[in-house]
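Given the coordinates of chain A, assemble chain B onto it according to the supplied hints.
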Amino acid sequence: MIEIDSVTKSYGPQVVVDDVSLTLPDAGVTSIIGPNGAGKSTLLSVVSRILGADAGAVSVEGLDVFRSPSKEVAKRLSILRQDTHMTARITVRELVEFGRFPHSHGRLTPACHAAVAEALDYCDLGDLTERPIHELSGGQRQRACVAMVLAQDTRYVLLDEPLNNLDMVHATGLMRLLRGLADHQGKSVVMVLHDVNYASAYSDRIIAMRDGAVVQDGPPESVITEHALEDVYGMTFRVHAVDGDRIAAYYR
Amino acid sequence: MIALVLTVTSLFVGVAEIDLGSLLTDPAAREVFLISRFPRTAAVILAGSAMAIAGLIMQHLTRNRFVAPTTAGTIDAAGLGLLTATILFAGASVMSKILLAMVFALAGTALFLVLIQRIQFKDVIFVPLVGLVLGGVLRAISEFFAYRANLTQTLEVWMNGDFSGVIQGRYETLWFAGGVALLAYLFANRLTAAGMGRDFATNIGVNYRLALAGGLTIAALVTAVVIVTVGAIPFLGLIVPNVVTMMMGDNLRRALPTTALAGAAMVLACDILGRWLIFPYEIAVGTIVGVLGSAIFLVILMRKGNRYAHA
Chain A
1 MIEIDSVTKS
11 YGPQVVVDDV
21 SLTLPDAGVT
31 SIIGPNGAGK
41 STLLSVVSRI
51 LGADAGAVSV
61 EGLDVFRSPS
71 KEVAKRLSIL
81 RQDTHMTARI
91 TVRELVEFGR
101 FPHSHGRLTP
111 ACHAAVAEAL
121 DYCDLGDLTE
131 RPIHELSGGQ
141 RQRACVAMVL
151 AQDTRYVLLD
161 EPLNNLDMVH
171 ATGLMRLLRG
181 LADHQGKSVV
191 MVLHDVNYAS
201 AYSDRIIAMR
211 DGAVVQDGPP
221 ESVITEHALE
231 DVYGMTFRVH
241 AVDGDRIAAY
251 YR
Chain B
1 MIALVLTVTS
11 LFVGVAEIDL
21 GSLLTDPAAR
31 EVFLISRFPR
41 TAAVILAGSA
51 MAIAGLIMQH
61 LTRNRFVAPT
71 TAGTIDAAGL
81 GLLTATILFA
91 GASVMSKILL
101 AMVFALAGTA
111 LFLVLIQRIQ
121 FKDVIFVPLV
131 GLVLGGVLRA
141 ISEFFAYRAN
151 LTQTLEVWMN
161 GDFSGVIQGR
171 YETLWFAGGV
181 ALLAYLFANR
191 LTAAGMGRDF
201 ATNIGVNYRL
211 ALAGGLTIAA
221 LVTAVVIVTV
231 GAIPFLGLIV
241 PNVVTMMMGD
251 NLRRALPTTA
261 LAGAAMVLAC
271 DILGRWLIFP
281 YEIAVGTIVG
291 VLGSAIFLVI
301 LMRKGNRYAH
311 A
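Read top to bottom, the protein sequences are chains A and B. In this text, residue positions in the first sequence follow our numbering: the first is 1, and each later residue adds one. In this text, residue positions in the second sequence follow our numbering: the first is 1, and each later residue adds one.
Only chain B is shown next, with the shape it has when bound in the complex:
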């Protein structure tokens, strides 16, 4: 409920901030609104909610509240995929870039799962640390090749989400991410069951492997689309699902809509903040979310440390 009100408020504030009231009657302003302002707001909402949902799915399926695209190597793997597409197939279409980024994201996440299944020491904090190390290695590989191909700055941009470049015609792929995230809602019961354990899922006739693969594919696809279109939004998939499930529980059918709304609200707020802080210049939304997100993350860690230790 709170998230809903917050979203509506953020949406209103976002739009109001954009069209500045009196300019509404001006046709030039309206054109600006349609070509730039509306796409930007839509992109923020889509990317925010989709990334939050990706995080929710990942933390539930891995049964670890600290596993998200940021902490499982998914984002860095997707970045490596995008770089590969850019270097090897210059002038590749957006769709093929997304496809390659997704394949990499999926492979990176799968590698992470294999790694955490192999290690004996399944500490709640240790598992995401493995993911961060994996992400670091992938990132280093990306940086090596980006350096050789003179693409280090481009890589920086991908890894730090920014909505300032969003105009009509350059964000529409995000609708796809939104659609895929919506798909998660249709399979919410199966995903919840899979997160309860393989035996639990099998008992009620849910194909565990299929649910696991499907859920992680959704997460990887969403991450890939968002990175290719606007760049990575770090920590979002970690913070939002944690805050939401703390209030609403782990039943995905119940938690998914709120997670989507809260994700959208958080990115909207950060995007507005980024535009306002050093007006008329902008701070990339990835930076703002990163700063705020890591702070919130630390607070959650310290306050709820004991409770999560059981998760």
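Excised from the complex, chain A in its bound form:
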């Protein structure tokens, strides 16, 4: 369980996350949606201790993320953001091996090698292991990053806009992979998404934010509704049932 208790974060006079309290589950796929500037990414950064909070507390399985040793937190929670220096000339295997750092401090044990091999295999990176990451395509790169957090073997996997710059082929592939992490590896996947329909089709729970506050929180059936989405985004939506998914149309 990740407990978010009255977290507030401001940039200057601008309050970006305003007194948010949430409990994130220890399994399943949770998506955070909302318009630009709603505070989604900032909340995720605070939860993963990349940003400090101005007020409030965050704990992962009872461990205060700001006060506990960073390495202990890193064994329970991993975060994938977009800023990773992907032009660095390190190989896919080296990247994935960094996931073992909290466990091994850089000296890989046989268990580490096994975890790395399994993660590479699970993310279908077998042929790419010795390729430098800057030569990969966007989709391959995201898979390599997912493999890294998989090797890190944390219960909670947080992702900030993982579908950025991916075409629908790779976006769907990645969403399936992440759904699989929740279903087969027992992980809790929490991600910020812009595409409400991916959120709708793949999530167990959707949290919608607006102006730094949580305005909707529930299963897709309750959040992906015309009324709720219009409240979150301030624009008109039509929601259709397509093959059992709730799909929002908002193009006109």
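These are computed hints drawn from the structure, not numbers from a lab. A few of these clues could be false.
Just so you have them, the derived chain B footprint on chain A, three or more residues with Cβ under 8 Å [claimed, not checked]: (1) 48-54; (2) 72-80; (3) 209-217.
Looking from chain A toward chain B, a few residues come up when the C-beta cut is under 7 Å (computed) [claimed, not checked]: (4) A88; (5) R89; (6) I90; (7) G106.
These figures come from a predicted structure and were not determined experimentally. We put the beta carbon where it would ideally sit given N, CA and C, even for glycine.
This is chain B only, laid out in the frame that chain A set:
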């Protein structure tokens, strides 16, 4: 591998050049060897590898392949520190000179980092240009005070590395630089992670600020020791890491040993060249490295310009 073979060859050539074979049996020659030749070779290897490592750390942590002690103001800041120590505390011990030079080098590098974080225009080439400008300003300040204190020639000597003055008892501080550079290897994984970005480092439990500060301290300390002991070796920290990472990638644990060997090899080669070109006189190694280095630098710039543009 190539670097390793080159180093062994250079080492052998360096030593062979020195003792001239037949003189080995002569006790006087042996004394010369122990007091002058061996220290010189050791100093060259230590200074070369340490400066190359300093460059590797800096380019990786700043994520810019053109950032090195030469292009980030570090060398000029260290020179200013050494000058300050010399003027203000005449007769200061070597250790205190190193300390002050290091404090200045660290402050200069930190100033550079603040500057490049403030500017909006983070072009790959623009960033080291800012460093060069900063270095120029620091150098000008140094020259002003050196002129007033009648130390301009001394400053020239500091800024242009030269191993001809190295004899037993006058280079041992370089072992310290070597040791500090070795420390970088122990923290190689953390430094690599920090170079991947703050979020990346934090995610795997690496303290980003600590790794950044630690890495730059190592670079500043190494630069300070080398300048105080033998003088600056320009471009070395720029060329060697670039050539090595081009072949071996940016994982420091893998690239560090080769960088150290290649740095040593390059300075050895330049030092031998400097001694041989106008034999029996010498050309300062700083000059040779500077000439060769800037030429190699230009070649890298032109050939790999497009690729680096993304870095």
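Hints, one by one, checked against the model:
{"no.": "1", "hint": "48-54", "result": "holds (count 3)"}
{"no.": "2", "hint": "72-80", "result": "holds (count 7)"}
{"no.": "3", "hint": "209-217", "result": "violated (count 0)"}
{"no.": "4", "hint": "A88", "result": "5 Å, holds"}
{"no.": "5", "hint": "R89", "result": "4 Å, holds"}
{"no.": "6", "hint": "I90", "result": "5 Å, holds"}
{"no.": "7", "hint": "G106", "result": "4 Å, holds"}
The structure is inconsistent with hint 3 alone, although it conforms to all the rest.
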